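Kindly produce the complete structure, drawing on both the sequences and the hints.
Chains as they are written, first to last, in the numbering used here: chain V, 1 to 362; chain C, 1 to 362.
Watch out, some of these pointers could steer you wrong.
Where chains are identical, the list cannot tell them apart; a pair therefore holds if satisfied intra-copy or between any two copies.
Unchecked claim - Each computed DSBU-like pair below joins lysine-lysine, with the alpha-carbon atoms no more than 35 Å apart:
1. K346 with K108
2. K204 with K142
3. K344 with K92
If you are wondering where the hints come from, they were derived from the structure by calculation, not from laboratory data. Keep in mind it's a predicted model, so treat the numbers as computed, not measured.
There are 2 protein chains.
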Amino acid sequence: MVKLLGNPRLWSGIKEAVNRGVFTLIFIASTRVSTIPGISIAGSSPEATLLTPTLDVEYLLLGRPRSLDAIPVTPEGVPTPALISRAVYRAKGFPLLIVDAGSYREPKIPHIALPSRRVGGRIDIEDALPKRTAEALFEEAKVLASSLSPAAEVFFVGESMPGGTTTAMTIMEALGFRARGRVSSAAPRNPHQLKEKVLLDAFKRARAEPPIEDPIEAVANFGDPLHISLAGFAAGALERGRYVILSGGTQMCAVLAILRRMGYLFRDRLAVATTQWLVEDSSSDFIGLVGEVAPGVGVAIAELSFSDAPYIGLRAYEEGYVKEGVGAGGLAALYVLTGGNEEKLKHAIYREYEELMGHGSA
Amino acid sequence: MVKLLGNPRLWSGIKEAVNRGVFTLIFIASTRVSTIPGISIAGSSPEATLLTPTLDVEYLLLGRPRSLDAIPVTPEGVPTPALISRAVYRAKGFPLLIVDAGSYREPKIPHIALPSRRVGGRIDIEDALPKRTAEALFEEAKVLASSLSPAAEVFFVGESMPGGTTTAMTIMEALGFRARGRVSSAAPRNPHQLKEKVLLDAFKRARAEPPIEDPIEAVANFGDPLHISLAGFAAGALERGRYVILSGGTQMCAVLAILRRMGYLFRDRLAVATTQWLVEDSSSDFIGLVGEVAPGVGVAIAELSFSDAPYIGLRAYEEGYVKEGVGAGGLAALYVLTGGNEEKLKHAIYREYEELMGHGSA
Numbered sequence: 001m002v003k004l005l006g007n008p009r010l011w012s013g014i015k016e017a018v019n020r021g022v023f024t025l026i027f028i029a030s031t032r033v034s035t036i037p038g039i040s041i042a043g044s045s046p047e048a049t050l051l052t053p054t055l056d057v058e059y060l061l062l063g064r065p066r067s068l069d070a071i072p073v074t075p076e077g078v079p080t081p082a083l084i085s086r087a088v089y090r091a092k093g094f095p096l097l098i099v100d101a102g103s104y105r106e107p108k109i110p111h112i113a114l115p116s117r118r119v120g121g122r123i124d125i126e127d128a129l130p131k132r133t134a135e136a137l138f139e140e141a142k143v144l145a146s147s148l149s150p151a152a153e154v155f156f157v158g159e160s161m162p163g164g165t166t167t168a169m170t171i172m173e174a175l176g177f178r179a180r181g182r183v184s185s186a187a188p189r190n191p192h193q194l195k196e197k198v199l200l201d202a203f204k205r206a207r208a209e210p211p212i213e214d215p216i217e218a219v220a221n222f223g224d225p226l227h228i229s230l231a232g233f234a235a236g237a238l239e240r241g242r243y244v245i246l247s248g249g250t251q252m253c254a255v256l257a258i259l260r261r262m263g264y265l266f267r268d269r270l271a272v273a274t275t276q277w278l279v280e281d282s283s284s285d286f287i288g289l290v291g292e293v294a295p296g297v298g299v300a301i302a303e304l305s306f307s308d309a310p311y312i313g314l315r316a317y318e319e320g321y322v323k324e325g326v327g328a329g330g331l332a333a334l335y336v337l338t339g340g341n342e343e344k345l346k347h348a349i350y351r352e353y354e355e356l357m358g359h360g361s362a
Numbered sequence: 001m002v003k004l005l006g007n008p009r010l011w012s013g014i015k016e017a018v019n020r021g022v023f024t025l026i027f028i029a030s031t032r033v034s035t036i037p038g039i040s041i042a043g044s045s046p047e048a049t050l051l052t053p054t055l056d057v058e059y060l061l062l063g064r065p066r067s068l069d070a071i072p073v074t075p076e077g078v079p080t081p082a083l084i085s086r087a088v089y090r091a092k093g094f095p096l097l098i099v100d101a102g103s104y105r106e107p108k109i110p111h112i113a114l115p116s117r118r119v120g121g122r123i124d125i126e127d128a129l130p131k132r133t134a135e136a137l138f139e140e141a142k143v144l145a146s147s148l149s150p151a152a153e154v155f156f157v158g159e160s161m162p163g164g165t166t167t168a169m170t171i172m173e174a175l176g177f178r179a180r181g182r183v184s185s186a187a188p189r190n191p192h193q194l195k196e197k198v199l200l201d202a203f204k205r206a207r208a209e210p211p212i213e214d215p216i217e218a219v220a221n222f223g224d225p226l227h228i229s230l231a232g233f234a235a236g237a238l239e240r241g242r243y244v245i246l247s248g249g250t251q252m253c254a255v256l257a258i259l260r261r262m263g264y265l266f267r268d269r270l271a272v273a274t275t276q277w278l279v280e281d282s283s284s285d286f287i288g289l290v291g292e293v294a295p296g297v298g299v300a301i302a303e304l305s306f307s308d309a310p311y312i313g314l315r316a317y318e319e320g321y322v323k324e325g326v327g328a329g330g331l332a333a334l335y336v337l338t339g340g341n342e343e344k345l346k347h348a349i350y351r352e353y354e355e356l357m358g359h360g361s362a
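Take a look at the structure:
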């Protein structure tokens, strides 16, 4: 099932449009924030998180990672949500493109390169990006959206960037929204205190007193290459009259925050889609954040459950591990919205997991 | 007008399908063959030809080049055919992606990067590519086609690579087709002798005795990164049941030759589209080449004429300058096939030229 919140006209429009033409994109980037020990478990070690986006999208497209012979797992071995995305991609074959906004290592698959792509800085000790880079990424992603928008009526846009909830939080706070203690985590124990320390160190370092009016400046100081690129793409597609479904968890609220401050919060065509695991996570407040940052924007919740999974690596999702990422929630929602049967999807995901296990990892 | 040759069922299928969903791509690459003095006029000097693909696609997408403040022109100042492509892109807004298969300088626009992209060697003195690179480019472009093919029923695929008719000729000859003296040129005086010298030097250097059975080996020794990538994309899209229109002149015959030797010559879904200037060029033999390399494949000819152009730079097209490139012929054909009026197109092209002139170049 998919639960749809917000404007019913938005959702009836989307339900019709998905059958006429859908395009899916996964944006990837890295931020050195993910290497701060304790911030992210989206990788087998803090340093390994830098490779996770690259491996995620290689696996998504090819069924096996290429830059390293191991799919991304948490230190406990819980596998990447890319397996959910891959199950949908294989079953439905929606057009799919990967967009590199600043990967640590270039993925070994065809991908869209944004010319200004660049790994984001560790915001507690350095700027995230030069201001001109933040601005350029927004514009480049917007150009991409305008050259792609004739291809579909609905764009599902996901992401992979470990450390992203921390920079999402700092972006939102910098823009004047209350985000502390409200962003999610791939870990069952959300390291809120550590995230807040990064935020305080970053604000102190930059001598910033939020709210900062200019979203580009906020992103350059406290953000990362990912969220500003997603915002640029959404802005471009919305300007061309397309539906945009931001497919992700609390990170996507930072994209909404940027869009709102830039005047692109087109509520009749913009939605967020995520998983039930994320929405029900007691350590974060997705629904509250959406309401604060972008009231009136649509929300889709894919009600996936792995409680009957024969594998502990998948049952761990029910205990608060991973929850979302690589467009998993949005793609699961899209699967159901285009007439797919959720039991079938679940078993396709289980089969993906088996194939992964057979491949020797996770 | 567009003249359509070959299987009428192919063309009636394409005419219906273009109204349901079209996707356009321009592949770019460089070969150092273009720096051999006298081989190519697709740039203001032999060295400048290396930048032409980059500037072409920047201009196509943005209306101005970014890597250098000058659009590509011949030494005499005749402007790039990208202005025809841009007029169609602006008027019709088909989805458009640039694919970098081996540019000399990365374009400053969002573009698809093939991981194995690489500038091709000067085949008279060195191999074009390592064999594994030629193989990888084919596979990568094929993966791209399979992830994009759900987005449209028809793919128009163009190219920009100076020096390409020379490597196209050597590829075809290496694969056992008679191509000497039959490929076209951007110059009104086609330097056939010089091209043949490059071919002979290349065959001597590699101690090759055509025909070579393996197209990958032929391309690695005597080709370039462009044609093998185009062939990979076409193979992937054809396998998925899509129509593929190779949009270019005699270069595209090298793509057909590779596809034929690999067993991908799907005549019911494959066509070439070019301009009347190219077909009527007395120094080359486009129709004869298609018949030799890929008998039965469809041919579309866009009957553009600039004879009443108020600008000498455009009237030069009527004297045999430039003729084709950057998908110009295919996109002009697509414009007409989707109901566009050719007089309107011509005037849109003239306006593009005016804007270019206003920008200070050409």
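**Prompt:** At most 35 Å between C-alpha atoms: does K346 with K108 qualify within a copy, between copies, both, or neither?
**Reply:** within (28 Å within a copy, 42 Å between copies)
**Asked** How would you label the pair K344, K92 (within, between, both, or neither) given a Cα cut-off of 35 Å?
**Response** Result: close within a single copy only, 12 Å intra versus 40 Å inter.
**Request:** Give the relationship of K204 and K142 under a CA distance limit of 35 Å: within one copy only, between copies only, both, or neither.
**Result:** Intra 32 Å, inter 50 Å, cutoff 35 Å: intra-copy only.
Every hint, counting from the list given before, is met by this structure.
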